[in-house]
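Following the hints, put chain B in place on chain A, whose structure we already have.
As given, the protein sequences belong to chains A and B, one line each in that order. Take the first sequence: its position 397, counted from the start at 1, is 397 in my numbering, and no numbers get skipped. Take the second sequence: its position 8, counted from the start at 1, is 8 in my numbering, and no numbers get skipped.
Derived by calculation from the structure, the hints in this document are not laboratory data. Since we're looking at a predicted model, the values are computed, not measured. Check the hints yourself; a few may be wrong.
No farther apart than 35 Å at their CA atoms in a straight line, the calculated lysine-lysine pairs in the DSBU-like style are these [to be verified]:
(1) A:Lys162 / A:Lys88
(2) A:Lys283 / B:Lys153
(3) B:Lys267 / A:Lys9
(4) A:Lys12 / B:Lys261
(5) A:Lys283 / B:Lys451
(6) B:Lys261 / A:Lys400
(7) B:Lys153 / A:Lys300
(8) A:Lys300 / B:Lys23
(9) A:Lys283 / B:Lys164
(10) A:Lys52 / A:Lys131
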Amino acid sequence: MNNILKRNKREKRFQFYGLFAVGLAIFLLLILLFKIFSTGFSAFNQTYLGVKIQIEKNVNLSELDARSVLRENIRNMFPEVVSRSDKKNLYSLFSPGAYIEFEEMLNSNNEETIDGYYYFLASDDLDMYFKGTVARQGNSAGKIKPNQMKFVDDFERMNLIKLQYNKYLLGSADSRNPEMAGILGAIYGSLFAILIAFATSFPLGILTAIYLEKLAKRNAFSDLIETNINNLAAVPSIVFGLLGLAIFLNFFELPRSASLVGGLTLGLMTLPTIVIASRSAIKSVPPSIEEASIGLGSSKIQTIFNFTLPLAMPGILTGTIIGIARAIGETAPLLMIGMVAFIVDIPQGPLDASTALPVQIFLWQDSPERAFVERTSAAIIVLLIFLFLLNITAVYLRKKLEKKW
Amino acid sequence: MTYEFLLLTIFGLATYSFFLSRKKAMALNVMDPLAVHSQPHYHGLYSAMLTITPAIILLLIWSWFENSIFKDNLEKYFSDVTDPYQLEFYVSGVKSFVAGASNTIMDHSNFSAAAEYYETSTKMSLVLKSIVAVILTLIALRHSLKLVSAKFKARDLVEDIVVKTMRYASIFAIFITLGIVLSLLFETLRFFESVAVTEFLFGTHWSPQMSIREDQVGSSGSFGAVPVFTGTLLISVIAMLVAGPIGLFSAIYLSQYASSKVRSIAKPIIEVLAGIPTVVYGFFAVITVGPFFRELGIFFEIDGFSSESALIAGSVLGIMIIPFVASLTDDSLSAVPRSLKEGSLAMGATLSETTTRVIIPASFHGIVGSFLLAFSRAIGETMIVVMAAGFAANLTANPFNAVTTVTVQIVGLLTGDQEFDSPKTLSAFALAFVLFFLTLILNIISLSIVKKFREQYE
Numbered sequence: 001m002n003n004i005l006k007r008n009k010r011e012k013r014f015q016f017y018g019l020f021a022v023g024l025a026i027f028l029l030l031i032l033l034f035k036i037f038s039t040g041f042s043a044f045n046q047t048y049l050g051v052k053i054q055i056e057k058n059v060n061l062s063e064l065d066a067r068s069v070l071r072e073n074i075r076n077m078f079p080e081v082v083s084r085s086d087k088k089n090l091y092s093l094f095s096p097g098a099y100i101e102f103e104e105m106l107n108s109n110n111e112e113t114i115d116g117y118y119y120f121l122a123s124d125d126l127d128m129y130f131k132g133t134v135a136r137q138g139n140s141a142g143k144i145k146p147n148q149m150k151f152v153d154d155f156e157r158m159n160l161i162k163l164q165y166n167k168y169l170l171g172s173a174d175s176r177n178p179e180m181a182g183i184l185g186a187i188y189g190s191l192f193a194i195l196i197a198f199a200t201s202f203p204l205g206i207l208t209a210i211y212l213e214k215l216a217k218r219n220a221f222s223d224l225i226e227t228n229i230n231n232l233a234a235v236p237s238i239v240f241g242l243l244g245l246a247i248f249l250n251f252f253e254l255p256r257s258a259s260l261v262g263g264l265t266l267g268l269m270t271l272p273t274i275v276i277a278s279r280s281a282i283k284s285v286p287p288s289i290e291e292a293s294i295g296l297g298s299s300k301i302q303t304i305f306n307f308t309l310p311l312a313m314p315g316i317l318t319g320t321i322i323g324i325a326r327a328i329g330e331t332a333p334l335l336m337i338g339m340v341a342f343i344v345d346i347p348q349g350p351l352d353a354s355t356a357l358p359v360q361i362f363l364w365q366d367s368p369e370r371a372f373v374e375r376t377s378a379a380i381i382v383l384l385i386f387l388f389l390l391n392i393t394a395v396y397l398r399k400k401l402e403k404k405w
Numbered sequence: 001m002t003y004e005f006l007l008l009t010i011f012g013l014a015t016y017s018f019f020l021s022r023k024k025a026m027a028l029n030v031m032d033p034l035a036v037h038s039q040p041h042y043h044g045l046y047s048a049m050l051t052i053t054p055a056i057i058l059l060l061i062w063s064w065f066e067n068s069i070f071k072d073n074l075e076k077y078f079s080d081v082t083d084p085y086q087l088e089f090y091v092s093g094v095k096s097f098v099a100g101a102s103n104t105i106m107d108h109s110n111f112s113a114a115a116e117y118y119e120t121s122t123k124m125s126l127v128l129k130s131i132v133a134v135i136l137t138l139i140a141l142r143h144s145l146k147l148v149s150a151k152f153k154a155r156d157l158v159e160d161i162v163v164k165t166m167r168y169a170s171i172f173a174i175f176i177t178l179g180i181v182l183s184l185l186f187e188t189l190r191f192f193e194s195v196a197v198t199e200f201l202f203g204t205h206w207s208p209q210m211s212i213r214e215d216q217v218g219s220s221g222s223f224g225a226v227p228v229f230t231g232t233l234l235i236s237v238i239a240m241l242v243a244g245p246i247g248l249f250s251a252i253y254l255s256q257y258a259s260s261k262v263r264s265i266a267k268p269i270i271e272v273l274a275g276i277p278t279v280v281y282g283f284f285a286v287i288t289v290g291p292f293f294r295e296l297g298i299f300f301e302i303d304g305f306s307s308e309s310a311l312i313a314g315s316v317l318g319i320m321i322i323p324f325v326a327s328l329t330d331d332s333l334s335a336v337p338r339s340l341k342e343g344s345l346a347m348g349a350t351l352s353e354t355t356t357r358v359i360i361p362a363s364f365h366g367i368v369g370s371f372l373l374a375f376s377r378a379i380g381e382t383m384i385v386v387m388a389a390g391f392a393a394n395l396t397a398n399p400f401n402a403v404t405t406v407t408v409q410i411v412g413l414l415t416g417d418q419e420f421d422s423p424k425t426l427s428a429f430a431l432a433f434v435l436f437f438l439t440l441i442l443n444i445i446s447l448s449i450v451k452k453f454r455e456q457y458e
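Next up, chain A with everything else stripped away, as it sits in the complex (with noise of 0.2 Å):
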């Protein structure tokens, strides 16, 4: 009697371990995206100033100059400000971007009186602490110099610091001030490069699948053929980067940076899953289909061209999409092609040097601006929704195309 309860309570505790488990990587999961989402959230909002702008209309604003009209109205609403160190504290609680900004306002506006408050990106130091990222001590917060915290608390006091949607994030390239840094140039960057991966591994991969599974006699070197892609999915990304360095950089001349480059070899690291995944597609497509086309007087190759791959097409979506969704997220084999460089441009062509989104989050993570961490949590959260978005639809297609034999 007493063994039996023993042994029942040591298959309750088995299921225990197994259930800790299962929810141990479940709960793991759930804490990476939760640090994720909850560091990135607030680089979807930026802190800016409002300035009080007065200008006489019929000025030829184009004459303007921006910079010195900016600071000239930012100076007037601290008439106490006289000392040149003063005025560069002050002024510093802007970003760069703040210049731009009015600029476009001048050249944007027709002859009007401009009379008002305006807000105007603020620098990345005064919004980690207005996000409360970085805390108070005392008279300064972070890079804020107790010299500077007068004019923040001036600011606050006369409610002119405000939270605005961050344009910049999904609007620009990047750029050495993190308020003014965006993800735009990597995500063409990316889109370039995952188009090129799938123009190339695509047919490739269908054309390859088919001839294994259809065509080609069983012998040794289709068996070859075979154990190669099954070993060539295992290979390590970082050695398709390597290849990538060898053939298009160094043996086809082709330019460094570029994101064709990039694509290439994103695309032969994914050929092997596609291949994987387009075979196993074809091999469930029932045989009663296929006879009854070569019964009814079709060539084989009109079978596969015309039942075979239809019916399978569904399933080579689906390995193919998630094969491109890993290809996307890769960053090593794009290291090794160049693609890590600090772009300020946002690539007009395959051809323009230019970064991948992975890159990006790998090249800000590594910057010692503090703002940077959420603007890279920031750009994670852009590539997993997008990610997030290609892995529903390839479950789509599988439930929506899917046909049970």
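The following block gives chain B in isolation, referenced to the frame of chain A:
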């Protein structure tokens, strides 16, 4: 006239020939459908393929010759430059200047003359090749139209081309492997010209940084890779210690205990872990796991706890490979025939006893295989260790110390300023070669184990 326009013209002509031939074949069909061998669109397809091929081949050959001729001629302008790298720098400078990619006029007396030569000759070459290509295409188009007749076996020819294309496509995968092996091998052999194989494989001091002056003692750096290998091993073992138990027990729970509803929810959630990019794990290691372990280190007063310790990188790497272990092990457990499980249960064994004494022994090969696969994944993983582990190579087995891995070294050696031919850069290829073969061997072993295991129950 640009290159794109030329290509468009050729493609346009090919499309035109498709429709022309198809129309002609349709007319044949109207006359006597039974006498026509192939359907009209096969005639069209064959005609289009025939039209496009000569021009494409011509353009490929042309650009091959063009490149080498221009390069030779450009180099003549800079004949006073002796350093090959400097020469290459000038030549590519001229090319990108003419292409409009850069505005830099380099500091050389012949630069503008070279640029002028390059600009006029590329223009000339484009015009010439456009004319020749279009003429060739038109000849091919005319010829292909003539071919259309009732007896012409266009379908057979098209299918033959398609099958050949497929065969070449599948051979391409072998070329990828060959490309990897050869490119790694060549650079590795060059590396071993300056560093002895034995020193690389058995030396215990790794510091690839070269000293600035060449006549300095030890200017060649030292390339004993043992600390790098042991670091990789340490981090991967830690990762397996995390992922092994969690993955194994998750798989056991999901395949033996969980109801199908729980299974259908929990399994995809765990697999989400596999879909998260590794750079995200790296960031997670830096902002969350690292500080957490440091707090623990201070709390337990562990000496020498490094912020780049193997423990941090290893445990995050472990989280990443949980889904690999879990799903592969799950497959193996599910592959065990029901009869074995039911037989054991019928004898009065509890489910845990059945699992540990029947199912796991029966699927042992599969589990080992999946662990090996996960281990090889851990060895080859790059971003997590680049972000969370260190670059300094320490020969230690202490998980609290900073160690480095093969992949970290490759990234460190090949990003940033790189000069080819220096042992420093070449050593990255040697490391990659070792990495490639290690993962390849692990992979072959595990695949064959899993295959044998599957065959056991078929």
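Query raised in the report: Honestly, which of those hints from before does the structure not fit?
Result: When the structure is compared with the hints, none of them turns out to be violated.
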